[in-house]
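Visitor: For the sequence shown, position 197 matches number 181 in the numbering used here, and the numbering has no gaps at all.
Just so you know, these hints were derived from the structure itself, not from any lab.
For clarity, every value in this text was computed on a predicted model and none was experimentally measured.
In this text, a Cβ means the ideal position worked out from N, Cα and C, and glycines have one as well.
Incorrect hints may have been included.
Unchecked claim - Below, simulated DSS-like cross-link-like pairs (lysine-lysine); rule was C-alpha separation at most 30 Å, straight line:
#: 1; residue 1: K643; residue 2: K590
#: 2; residue 1: K30; residue 2: K230
#: 3; residue 1: K30; residue 2: K357
#: 4; residue 1: K34; residue 2: K770
#: 5; residue 1: K303; residue 2: K772
#: 6; residue 1: K643; residue 2: K716
#: 7; residue 1: K716; residue 2: K303
#: 8; residue 1: K177; residue 2: K230
#: 9; residue 1: K312; residue 2: K230
#: 10; residue 1: K357; residue 2: K312
#: 11; residue 1: K725; residue 2: K770
#: 12; residue 1: K716; residue 2: K746
#: 13; residue 1: K303; residue 2: K34
#: 14; residue 1: K770; residue 2: K303
#: 15; residue 1: K230; residue 2: K34
#: 16; residue 1: K357; residue 2: K303
#: 17; residue 1: K230; residue 2: K303
Claimed, not checked - Restraint ranges, calculated between C-beta atoms of paired labels, are given here:
#: 18; residue 1: K772; residue 2: M137; range: 52 to 62 Å
#: 19; residue 1: Q658; residue 2: A58; range: 37 to 47 Å
#: 20; residue 1: R708; residue 2: D547; range: 49 to 59 Å
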Amino acid sequence: MKLAALAIALSCTNVQANDIILDGSGTTNPSKFYWEIMSLFEARAKPPVKMTYRGVGSSIGQYEFMGEENPAGAYVSYNDFGSGDMPFSTEDRQTLLDNGVTVLHVPFNLGAMSFFHNVPDSTLPSTGLNLDACIIADIFNAVITTWDHDDIMAINPDFSPPSGQPIVVYHRTHGSSTTKGITQYLAAACPEKWTQVGSTIDWPDVTVAVEGSGEMSSMIDATEYSIGYIDSGHGRDDGLTEVELKNLYGTYQSSAEAIAQGGVQAAAEEAIALGVLPTDPSADFNNVSLHNMPGQYTWPIVAVSYLYVNQNQLDSESKGPLLYAFIKYILSEDGQALLGDYNFEAAPADMLDISRAALDMMDLPLASDDYPKWTFESNTTEGGGQEDYVISAKRRSWFEYELGEIESEMATADDLATLEATVDELAALVRSSGLIALDGSGTTNPSKFYWDIMSLFEARAKPPVKMTYRAVGSSTGQYEFMGEDNGYVSYSDFGSGDMPFSTEDRQTLLDNGVTVLHVPFNLGAMSFFHNVPDSTLPSTGLNLDACIIADIFNAVITTWDHDDIMAINPNFSPPSGQPIVVYHRTYGSSTTKGITQYLAAACPEKWTQVGSTIEWPEVTVAIEGSGEMSSSISSTEYSIGYIDSGHGHDDGLSEVELKNLYGTYQSSSESIAQGGVQAAAEEAIAEGVLPTDPSADFADVSLHNMPGQYTWPIVAVSYLYVNRDQSGSGEKGALLYAFIKYILSEDGQALLSDYNFESAPKDMLDISRAALDMMVLPSAEDGYPKWKFESNTTEGGGQEDYVISGKRRSWFEYELGEIESEMALAEDLDALEEKVDAMTCSCSGEDDDDHDKDRKKIGLIGVLALVIALIALGVATAAFLKVQALAAPPPARVPANEDAGEICLPAIKPSTQGYGDLGASGNNNDV
């Protein structure tokens, strides 16, 4: 494979001002479907295309499409298209018409809704729990309140619930299209007992309100003898038990049974035949209902998802033709085929004919005005496929390609090492596009944390955003931030390191007009680890203090049975004269600087050298990178070395019980459990070791050997390096501010533990937030406003440009979350292997022996982890190519591989905070 050449060919593209941006908002239901198609369009279009969709619920999708209260002008839409699982009301449609907007309803998919229950199987008839619309109406009206009610027992003769067993009834709160769907069904199927219809209605006090479809599912699952409603696919995916619902024909069935008989599409076909569904997309769809349609296997509660489109696209410039192509693809055979992946049913041919009529009705800019309709290339079209306005299947994104390659390699790789080598090579391929680009470089330690947040920002920003971070080590991060060989113009937009700038380098920056702000944001423990056999150790572990460790690393103490070691480990029984194998890091390493600072502070009489690179005795062994340090200790009995604590624990190494200033012998994990890492920072602030002014000199900051009973004695601080003056940075400055603000937020700090870091204590965060106040940003009046964060839905406001919205996600984020869930749910390796087989459809037949089976299982698990890692890893690669092009390699004094180590990224996780902090929770006004 000529991947190296291809990586060069895919080096960073320039940010372009003519990107075509298309943004929508609305129902949560098909959001994952939209994200997938948008990802395909972004990858397969030749011009720069940015497409986003914000899943905020049908009601807000309509509100934002109408734009009644839009500050930009009344009835100017906040979005380029809307989407919902319910049509516009007659009144809202007329209001739009009165204000010059003709809304086209474009129905494109069908979804079943169901009632689910948690009645124990042991009490149920073999055919399941039969219910009809009138009984359900009485249950949700609190007329029927126990499971042994005569009406229920009459159609379930073999049902045996406890006498008087209460029914726990759950319903959705806030506006929900699912509520509208089931109330339309009940009113149609049992009008004598149900009259209320709407997305929000009045419920009896004895019923229980739940927020969102996720909570509905979890509450039914957690509560015996409960009942509620949810979209059918969601409930089945969550393992809930479905009511066998009676349809108009009289058939009792589950939605799964109905779907197998074509019963969902039958509802749409009947609605068209009966004239319930208009054939004119500009008509009034208010009375459309696919509920309680006739047919032997027809499912009685069927929802339609619509796109809401403004017929007049004449002023949309490049957006209109792209929207046309997006809708055309959704209605195509390929687009409809994707719906099954998200538990939807494709629309029948007659419904698609109605929707395609909407395309013909759209008034688009003239092709002669440089806005031609987009075309699609599947089979190669020589020359034509290279025109600008072509969505070409011959173009693909790195992410799409990478996932496909992983699936292929899983089936063909001889061993995991071969697969990993291929994956490493593929990781060099990444595309780079967008209007606002932000790039940083520096320490490897928090790189995975940065990539996680950057991926969230890229997916959840409305304007095109490209953020990268290059993990090259603290020293290189400082070198590239300084830009000494570039006229003190930084190579990066921000730097990062686990050590502060020296007094000399900080002054050099000041002399050249740069005020560097140190922004401390996390804490990490460092430890000494050993490979002394457990059989020889005391039950309390191996105790060592700073002076003994200094003698070991100075080659003064060279055997494990030395008197000083035995004196504090009386039950230690190493072989007589057993040599100590000492490993140390080579090249510049912030871990080396940390442990040498500790030794010099805790035992100055025996240790004097401090730095990221020092002179070591010849009998000690040099190791390159934290990964090699870990593997060397692990493979060598009676060895000792140092590494960040989380890395050592993850790799299963045995930790030295280290004596702190108080005299406590403990491991880092024992200290962390007592708050001993954060205590080091709090003590440093109390003693004035840590400046409260982010622009001050941080050169002497050390959190090593701080007082306190459980304080950990070797604590590193990770910093962001930021140029105070961002006035000339344009949109970068405002984005950098938002990035830092999120890192310092509750959500950002909560992510740190996923990467074996401790969050900063409040007093340290106060120092860091002062740096935000000190940043001189471009003026909002000049078009560079500060970014905001939307977690709970902010109607209209969440649709503004400079908003990081938790309601937007990328398809890759969703897909990786699904992979992570599958891994967590698999009870054993066999179950996990079956899930992977089902996902890839590419695993070969039986292995020859048990050894091969075990090897294959281990390989599959490793590959899933790599899939999760590589999607985030790709974000950083383009920056590497960019810096290579901008500057000659750093001089020899700058170590090229400081903090180098293995990279293993977990999947992205949505946060859960309210407005102001990025998150995915809140009041979804939809399923």
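Visitor: Compare the structure with each hint and give your call.
Guide: Results of checking the hints against the structure:
no., hint, verdict
1, K643 to K590, "holds (16 Å)"
2, K30 to K230, "violated (52 Å)"
3, K30 to K357, "holds (14 Å)"
4, K34 to K770, "holds (21 Å)"
5, K303 to K772, "holds (25 Å)"
6, K643 to K716, "violated (46 Å)"
7, K716 to K303, "holds (25 Å)"
8, K177 to K230, "holds (16 Å)"
9, K312 to K230, "violated (37 Å)"
10, K357 to K312, "holds (11 Å)"
11, K725 to K770, "holds (11 Å)"
12, K716 to K746, "holds (28 Å)"
13, K303 to K34, "holds (10 Å)"
14, K770 to K303, "holds (26 Å)"
15, K230 to K34, "violated (46 Å)"
16, K357 to K303, "holds (11 Å)"
17, K230 to K303, "violated (46 Å)"
18, K772 to M137: 52 to 62 Å, "holds (56 Å)"
19, Q658 to A58: 37 to 47 Å, "violated (59 Å)"
20, R708 to D547: 49 to 59 Å, "holds (55 Å)"
Hint compliance for this structure: hints 2, 6, 9, 15, 17, 19 are broken, all remaining hints hold.
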